Amino acid sequence: MNKVPMTIVGADQLRKELDYLKFEKRPKIAEAIGEARELGDLKENAEYHAAREEQGLCEARVRDIEGKLSNAQIIDVTKMQNTGRIIFGTTVTILNIDTDVETTYRIVGDDEANIKENLLSVSSPIARGLIGKNVDDEVTINTPGGMTEYEIIAVEYI
0 MNKVPMTIVG ADQLRKELDY LKFEKRPKIA EAIGEARELG DLKENAEYHA
50 AREEQGLCEA RVRDIEGKLS NAQIIDVTKM QNTGRIIFGT TVTILNIDTD
100 VETTYRIVGD DEANIKENLL SVSSPIARGL IGKNVDDEVT INTPGGMTEY
150 EIIAVEYI
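When we follow numbering that gives the first Met the number 0, the leftmost residue of the sequence shown carries the number 0, and every step to the right adds one.
Please keep in mind that the hints were generated in silico from the structure rather than gathered at the bench.
A portion of the hints provided could be inaccurate.
[To be verified] Estimated spans, in silico, between C-beta atoms of each pair:
hint	residue 1	residue 2	range
1	Val100	Gly55	41 to 51 Å
2	Gly55	Gln80	41 to 51 Å
3	Phe22	Asp99	42 to 52 Å
4	Asn113	Cys57	44 to 54 Å
5	Thr77	Val100	22 to 32 Å
Here the structure is a predicted model, which is why all the values come from computation and not from measurement.
A virtual CB, placed ideally from N, CA and C, is assigned to each residue, including glycine.
Turn these sequences into a full structure, and let the hints steer you where they fit.
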């Protein structure tokens, strides 16, 4: 399987979620299944079926996270020399030339992406258009809103 880029923060978040699922949620689900079994007939026991369904979802998420972590290529840009070039994990400040709006994004893995926190997925159109560019470059990126011109103001390896 191909390696998937991930920041240290993203890997830590997945590990925390995995620990929660394994050591807190699993035991609670097992307890709920046990209590539901005590109620009698399992064929018509809604609590039992709901707990079993929740168990299936929990186990699927555990397998998903374990798979992602096993295929993760964790990249720490803080240990790299800042060359001014945009790579995975860098924090980029860009200026929309048309609207004069300045925005700062951090380019992260797909699982870490959250546009509300300015965490931009490496596979997004903007990130793909920025990767490999340098400070002071002007780029035209095909965004969902159409072609947009940006000037790269700053690239930080933080």
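Verification of the hints:
no. : hint                         : result
1   : Val100 <-> Gly55: 41 to 51 Å : holds (45 Å)
2   : Gly55 <-> Gln80: 41 to 51 Å  : holds (47 Å)
3   : Phe22 <-> Asp99: 42 to 52 Å  : holds (50 Å)
4   : Asn113 <-> Cys57: 44 to 54 Å : violated (23 Å)
5   : Thr77 <-> Val100: 22 to 32 Å : holds (28 Å)
Checked against the numbered hints above, the structure violates only hint 4.
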